[in-house]
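J.: Chains as they are written, first to last, in the numbering used here: chain A, 315 to 510; chain B, 32 to 156.
Hints were generated in silico from the structure; no laboratory data involved.
There could be a bad hint or two in this list.
[To be verified] The calculated lysine to aspartate or glutamate pairs, modelled on EDC-like cross-linking and capped at a C-alpha distance of 16 Å, are:
1. B:Lys45 / A:Asp355
2. A:Lys373 / A:Asp330
3. B:Lys45 / A:Asp343
4. B:Lys45 / A:Glu456
Spelled out, the chains give:
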Amino acid sequence: MRMDEQELVRKVQGGDEDAFAEIVRLYKDRIVNYLSHFTGDYQKAVDLSQETFIRVYFKAAKYKPIAPFSSWVYAIASNLARTELKRDRRRATVPLEEMASPFESGAFCEDKPDSGLVRNLRLALDGLHPRYRVPVLLKDVEGFSQEEIARIIRKPVGTVKARISRGRAYLKRELDKAVIDPSGGVAVKGESHGRA
Amino acid sequence: MDELKSLGALPRVKAPPGFEARVLAGLAERTALMSRRRRVLRLSLAGASAFVLVGFVVTRLFILPGAGPERSASLFDAAGAAGRMIIPINETVDYFGEVRAASRNGETIYILEQVSDVISADNTY
Numbered sequence: 315m316r317m318d319e320q321e322l323v324r325k326v327q328g329g330d331e332d333a334f335a336e337i338v339r340l341y342k343d344r345i346v347n348y349l350s351h352f353t354g355d356y357q358k359a360v361d362l363s364q365e366t367f368i369r370v371y372f373k374a375a376k377y378k379p380i381a382p383f384s385s386w387v388y389a390i391a392s393n394l395a396r397t398e399l400k401r402d403r404r405r406a407t408v409p410l411e412e413m414a415s416p417f418e419s420g421a422f423c424e425d426k427p428d429s430g431l432v433r434n435l436r437l438a439l440d441g442l443h444p445r446y447r448v449p450v451l452l453k454d455v456e457g458f459s460q461e462e463i464a465r466i467i468r469k470p471v472g473t474v475k476a477r478i479s480r481g482r483a484y485l486k487r488e489l490d491k492a493v494i495d496p497s498g499g500v501a502v503k504g505e506s507h508g509r510a
Numbered sequence: 032m033d034e035l036k037s038l039g040a041l042p043r044v045k046a047p048p049g050f051e052a053r054v055l056a057g058l059a060e061r062t063a064l065m066s067r068r069r070r071v072l073r074l075s076l077a078g079a080s081a082f083v084l085v086g087f088v089v090t091r092l093f094i095l096p097g098a099g100p101e102r103s104a105s106l107f108d109a110a111g112a113a114g115r116m117i118i119p120i121n122e123t124v125d126y127f128g129e130v131r132a133a134s135r136n137g138e139t140i141y142i143l144e145q146v147s148d149v150i151s152a153d154n155t156y
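Sequences are here, hints too, so could you generate the full structure?
T.: Given below as structure tokens:
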């Protein structure tokens with residue numbers, strides 16, 4: 315954890331809103347990106363990120379500098395995302411094909427994606443149970459170590475390793491099933507609603 | 032597994048412009064909401080306490096007025112006017128000791144029953 319970050323957290327614990335704004339500035343892109351991949355919905359990711367930072371402010375007093383601050387912020391974001399996903403399952407669902415993808419529209423994207431592969435990955439990620447999706451995204455997208463992920467999800471490192479491995483195996487299986495047609499669209503061989 | 036490596040190459044998205052301002056506005060709104068809730072809770076607690084206190088006073092003064100010292104004083108006055116004498120007797124009974132003694136003697140059954148309709152403070156001899 316960087317010294318200046320620790321100092322910022324201490325100030326936020328004292329109710330300093332300028333320090334809080336600085337923390338938001340430091341983490342906003344990472345958290346929005348993570349939640350966007352987790353939920354598959356950019357707008358929802360932005361709303362969840364906003365809620366994540368508000369919780370960071372109100373729960374700052376509970377933060378203990380024994381773990382990196384980033385792990386703590388990601389833990390809050392992951393918990394919120396999981397809760398939101400559970401809530402979504404209870405509501406009526408909208409087919410993915412009918413939703414506009416933020417990746418395809420290119421809004422706030424840094425890179426131009428390969429739409430076929432991205433769409434396949436998106437579909438596979440959507441089918442992946444949150445129990446496996448969180449560690450896989452934290453490892454392969456956000457670049458956390460297994461130890462850091464263990465701290466974020468509060469599970470032993472062995473459990474994290476197993477979940478990453480099972481999550482990746484599920485994604486590979488789903489990607490193998492997918493066939494990219496010449497027009498750039500994606501066809502999926504058979505239905506794959508199973509969870510890893 | 033080459034495709035899985037693409038997970039790291041998934042297009043990175045950024046927070047929209049004005050995100051920090053939205054967060055800070057949300058924070059201000061939440062703070063105001065919490066402060067309002069705290070005020071409502073404080074007022075509710077104060078109101079409930081006041082209601083209980085008023086209820087107690089009303090019950091004591093208007094619904095159960097007879098058991099207070101004023102009633103005893105009025106009885107003394109009435110008896111004095113009638114030429115009778117009232118001797119107040121406060122009888123203390125150690126029921127705990129009675130029951131303890133009873134437990135040593137299994138054959139004994141104590142039946143405690145009220146023999147007068149009036150409370151002991153009002154017994155006249």
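J.: None of the hints should be skipped; say for each whether it holds.
T.: Now the hints, each set against the structure:
For the proposed pair B:Lys45 and A:Asp355, the alpha carbon gap of about 13 Å is at most 16 Å, so the pair holds. For the suggested pair A:Lys373 and A:Asp330, the alpha carbons sit about 13 Å apart, so the restraint of at most 16 Å is met. Proposed proximity of B:Lys45 and A:Asp343 is supported: the alpha carbons are some 5 Å apart, at most 16 Å. Between B:Lys45 and A:Glu456, the direct Cα distance comes to roughly 14 Å. Compliance with the 16 Å bound is thereby established for this hinted pair.
Of the numbered hints listed earlier, not one is contradicted by the structure.
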